[in-house]
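Peer 1: The residues making up each chain are set out below.
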Amino acid sequence: MATALSGCIPLVIAKVIDVFGRVEGFFMMLIIVVVGMALKAACNSVQMYIAGHVLYWAGHIGVLYVTDIMAADITTLKNRMIIFTINGTPRIASTFAGPRIADLFYNENSWRWAFGAFIIIFIGCCLPAMVVMMFMYRKAKNAGLVKKVKSDRTALQSIWYYFVQFDSKSAYH
Amino acid sequence: MALVFGIILIMCAWCLFVLPFSLVAYAPNGWKTPYIIACIVLGLVLFPVFYFWEAKFAPVQFLPWKYLKDGTIVGSCLLYGVMFLSVFCWNGYFNSYLIVVHRQSITNAGYILNAFSLTSSFSSPFIAWWIRYSGNFKWTAYTGVPIILLGTALLIPFRQPSTNPGVLALTQVLVGLGCGFFATCAQLAVMVPVTHQEVAVINALWGLFGSFGSSIGYAIAGAMWNNMLPEQLLMRLPESSKADYRTIFGDIEVQKAFLDGTPERDAVVGAYANVQRKMVITGACFVPLCLASIYVWKNVNVKKLEKEKGKQTKGNVF
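Residue numbers (my numbering), protein chains in the order written: chain A, 1 to 173; chain B, 1 to 318.
Source of the hints: derived by calculation from the structure; they are not laboratory data. Every clue listed holds true.
What the simulated footprint calls covered on chain B by chain A, stretch by stretch (three residues with Cβ under 8 Å from a Cβ of chain A suffice, anywhere in the stretch; the number is not a length): (1) 126 to 132; (2) 201 to 211.
Not everything, but these chain B residues come out facing chain A in the computed CB check (under 7 Å): (3) Ile7; (4) Asn114; (5) Leu118; (6) Ser121; (7) Phe122; (8) Thr184; (9) Leu188; (10) Val302; (11) Lys303; (12) Glu306.
One side only, chain A facing chain B, incomplete, derived with CB under 7 Å: (13) Pro10; (14) Leu11; (15) Ala72; (16) Leu77; (17) Met81; (18) Ile82; (19) Arg91; (20) Thr95.
The structure presented is a predicted model; accordingly, all values stated were derived computationally and were not measured. Each residue gets a CB set at the ideal place from its N, CA and C atoms; glycine is no exception.
Bound-form chain A, shown alone:
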């Protein structure tokens, strides 16, 4: 289930980040991960755990995917794979550290706090990236690269606008 989901999620996110923007997409995925982990930490039944896990996994895949796309945005074809693969190297540390940390949490603390702690760690690790993204966005805005189109749409019209955008974008792809 999780593997089938992880395959389909990026296709949806690809559309989301094309319409809304990379930073917004990253932020959305972050929220989904946090909600998923919070559900897992608080779960009292298997169903709730599965719901949490599906959300968490969708967000997890999404965050990885958005960072990959951002890396693709800022590199040339020749150098792109270097950045992509360096992006993957933290796995070397996590293969060794992961099971040990899991063991420690299981024996010294509770599994609920294992999820709880990682909510905090995850947000803490994403914050610097978010700050850099916002900073660069402001810099681009000040340099006049981003043109803010003033919209006269009401909230309802906006929703309709994005709905149509999604469809036309997807139809284009």
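Given chain A, work out where chain B should sit, using these hints.
Peer 2: Same frame as chain A, now just chain B:
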């Protein structure tokens, strides 16, 4: 909404079709159990339904079909899928094989298995550097084929209990290195023919093939393991313990507990070795498909491409 409907359709089709292969061993009547048959039939029927929905009715298409006509894109998507297919044909049950036949501890078995992902993450930056240096990714991808074939096929002679675990780790390193070559080159290949605007969606499509490949691989492994191992155990166990073959199959602790030299131990090792051999052969059979999917790539030199056509991305880039 149309998008969500398509996603739900393809996911249901996929899960319904793949799940029965691993569930069948626990079903009361094996393949004849009604819900197993229902799952497979329903799963199979949903695939054409999905296709018709996408082709005829969907206002918005979920899969970007137009990319699936380019040889390089199809080839690298297939390569990524087949790579996982080949590896997960045997990798899923390698852990219990190491624990039972080679009497490795759970931690050690984990280390041996992780040698695979470690090698691929460690080696891929160097492969990426080589692509930057040479600009050629098609022949770099070809290099992975013999490595992955060697890593998979070496498991056939090495599936005796007497084999040194270090040798088994070496096969994992080889497979990991091969996968590093494949994944790095394929991801670059998929991005070469498209423009910058299309990079996001083409990467998503590429990932979709990977996850399809790994779930088919797991299904094949599950089907072989759950159907062949009980049979083999029943055939090899001595008369006195034939009645318990279900318990022996289901419990790894029971399998581990038999002492060396007892006929039960021989039976378990024999059954594991037999099934593992078939799984590894299946995995190795998929490697030629990798070769074929690299063959359809256009041989583009990334360095020359950038000199001639300019860079894909503009602005302050690395």
